[in-house]
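Now that you have both chains on their own, put them together as the hints suggest.
Just so you know, the protein sequences line up as chains A and B, in that order.
For what it's worth, the working numbering labels the leading residue of the first sequence as 1, then goes sequentially.
For what it's worth, the working numbering labels the leading residue of the second sequence as 1, then goes sequentially.
Just so you know, the hints here were simulated from the structure itself, not pulled from any lab data.
It cannot be assumed that every hint is accurate.
Claimed, not checked - Computed list of chain A residues with no C-beta within reach of chain B, every gap over 10 Å: (1) His40; (2) Asp53; (3) Asp58; (4) Ala79; (5) Lys80; (6) Phe81; (7) Thr170; (8) Asn189.
Stated by the list, open to error - What the simulated footprint calls covered on chain B by chain A, stretch by stretch (three residues with Cβ under 8 Å from a Cβ of chain A suffice, anywhere in the stretch; the number is not a length): (9) 2-14; (10) 52-59; (11) 80-87.
What the hints assert, rightly or not - DSS-like cross-link-like pairs, simulated, lysine-lysine; straight-line CA separation at most 27 Å: (12) A/Lys140 - A/Lys70; (13) A/Lys184 - B/Lys52; (14) A/Lys43 - B/Lys11; (15) A/Lys172 - B/Lys11; (16) A/Lys140 - A/Lys184; (17) A/Lys172 - A/Lys140; (18) A/Lys80 - B/Lys52; (19) A/Lys43 - A/Lys70; (20) B/Lys11 - A/Lys158.
For glycine and all other residues, C-beta sits at the position ideal for the given N, C-alpha and C.
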Amino acid sequence: MVQPGIEVDRNRSISPTDERLVDDCLKGDRQSFRQLYRRHEGKVRQILYQLCDRSTIDDLVQETFLRAWKGLPKFRGNAKFSTWLYRIAWNVASDRRQTLAKDRERRETISAQIDNHHDDPDVMAIHYQELVERGLSELKEDHRIVLILHDLQELPQKEVAEILDIPVGTVKSRLFHARATVRKFLERNGLEM
Amino acid sequence: MNDNDDLNLVKFLQQHQAIAPQSSIDLEEQIMAEVNRIPIQVAEQKPRQWLKIAGWGLSATIATIGSIFLYQSIESPQMNMAEIKQVEEYLEAHWDHLDPHQSSLEQPNAIDDLHIDLEESI
Numbered sequence: 001m002v003q004p005g006i007e008v009d010r011n012r013s014i015s016p017t018d019e020r021l022v023d024d025c026l027k028g029d030r031q032s033f034r035q036l037y038r039r040h041e042g043k044v045r046q047i048l049y050q051l052c053d054r055s056t057i058d059d060l061v062q063e064t065f066l067r068a069w070k071g072l073p074k075f076r077g078n079a080k081f082s083t084w085l086y087r088i089a090w091n092v093a094s095d096r097r098q099t100l101a102k103d104r105e106r107r108e109t110i111s112a113q114i115d116n117h118h119d120d121p122d123v124m125a126i127h128y129q130e131l132v133e134r135g136l137s138e139l140k141e142d143h144r145i146v147l148i149l150h151d152l153q154e155l156p157q158k159e160v161a162e163i164l165d166i167p168v169g170t171v172k173s174r175l176f177h178a179r180a181t182v183r184k185f186l187e188r189n190g191l192e193m
Numbered sequence: 001m002n003d004n005d006d007l008n009l010v011k012f013l014q015q016h017q018a019i020a021p022q023s024s025i026d027l028e029e030q031i032m033a034e035v036n037r038i039p040i041q042v043a044e045q046k047p048r049q050w051l052k053i054a055g056w057g058l059s060a061t062i063a064t065i066g067s068i069f070l071y072q073s074i075e076s077p078q079m080n081m082a083e084i085k086q087v088e089e090y091l092e093a094h095w096d097h098l099d100p101h102q103s104s105l106e107q108p109n110a111i112d113d114l115h116i117d118l119e120e121s122i
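Same shape as in the complex, but just chain B (with noise of 0.2 Å):
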């Protein structure tokens, strides 16, 4: 069996298959007054698919939002009160000294000062 056999085959199903007879000459006039009688329900469709996108967006943002708590929870080092309290004695002992225009990398001694002051108290 070959292309060739499949071929011949198709070709005599083609033509020898039965051929549907012509419609009934009102079917169409029958069909079109049934429709009439139906209303199409348009307005279903618009918001269904605006819920939908809503649905899968709040859904994501919730998500989102979610997955950043639990990594703060995981990752961040959490402070308590006496530690807060040690570095608030601290900015307010050392807020004098701060010049705030100046950059972090144009004042490394007050830096290293903060970084040593707070192992110290810690």
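Just chain A, same shape as in the assembly (with noise of 0.2 Å):
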């Protein structure tokens, strides 16, 4: 029997909860805090990757992490830990807004240089890669993160809702007109979904 507080993983080893790490965390032990880190900077770092500008991005998960170690003791454990720490990922991601554009025109000018060299594959590979930033790139910001949350990170609804803070049918809407005009610019650059 699994003890409270402990779970088995994918590969059948044992290891303490989110919930526990918090607990022990609250108790001084920093070693905790370590394991979270490792268990959840891959996302984060994918999240922050999607939204902000990349030459920044070991700062940006930095600031989110230190910010969920500071805020640790208001963190209530109404919600899971991960939902709460990708919430602070999202203001982290938010509070850098302006760097947004930026990056936008960066994506632009990469793409008109790759335009013209559509025949080899791996070239093609680039080029989808960079239609879909800058199908991204295409949304608001509130439409965008949903998508990221629910599409590319594959988050139920219902916690992509915990972590803006917004009812899940805003959640529906969003998805529905992030992925209409994401389709539209697909389009309009030649690819049919």
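Next comes the structure, spelled out in structure tokens:
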């Protein structure tokens, strides 16, 4: 039988739950925070990477985890730790909103350079990647985050709603509009979805 | 546009999304160094919670007591000094005829007397 606060992961290894690690952090155990970092860094990094200026990605990840550490005493455990952490990441990204415009300009420049080399398969893959990036950057920020969390990070709509503190109905509506905008963008660039 | 279209779109976006590069080697240590520098304010959490609960408890108690007093002041008939005096006089006059070991049901006459006398005195 598994003890409370312990879970068995996919590899059948036993590891403490996030909630247990948070409790240990609150008792001053910093190594538990290291475990939380290792567990969630990848997803936080990917979310921030889709949202912000990439040259500062390490700074953004660092800021997210430091805000989490400072805010742990206020974490009530009403939501999952990961939900709370992604919300912090979203706040960090929002604070850096101004950099998004610069990033968009940079992507458009790169894309214009790639447009001339469509024949090579590797170049095609880069081209599609650039199209996806440009498609995402076409979206309003509050639509983009919904699409990133739900479609790219595969979080359930309910959790997306909790992260962004909006009703599930609003998530559905934003997702619908976000997909429609990206689809139109891709179609304008010669791709049928 | 149907669910399949959405599925194809999502699949395409997932397949071609930009993947974040690995973090720099020392990022974890940099973060942990900062974490070690910042004390966690554990002491703040529980007393605050207890304070909150105690606050709610106190408010509820005050509200309950207040409601009881308010209810009593509205619902209970207030006897004035003259009425109290009459009741006292009645009890003094009839004290010896009341048997404390007998229930009121077994003393119907005594109760009736009391009722009649009180009505008369008022």
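Each hint tested on the structure:
no., hint, result
1, His40, "holds, 12 Å"
2, Asp53, "holds, 13 Å"
3, Asp58, "violated, 5 Å"
4, Ala79, "holds, 17 Å"
5, Lys80, "holds, 19 Å"
6, Phe81, "holds, 15 Å"
7, Thr170, "holds, 18 Å"
8, Asn189, "holds, 12 Å"
9, 2-14, "holds (count 8)"
10, 52-59, "violated (count 0)"
11, 80-87, "violated (count 0)"
12, A/Lys140 - A/Lys70, "violated, 30 Å"
13, A/Lys184 - B/Lys52, "violated, 52 Å"
14, A/Lys43 - B/Lys11, "holds, 18 Å"
15, A/Lys172 - B/Lys11, "holds, 18 Å"
16, A/Lys140 - A/Lys184, "holds, 14 Å"
17, A/Lys172 - A/Lys140, "holds, 15 Å"
18, A/Lys80 - B/Lys52, "holds, 23 Å"
19, A/Lys43 - A/Lys70, "holds, 20 Å"
20, B/Lys11 - A/Lys158, "holds, 21 Å"
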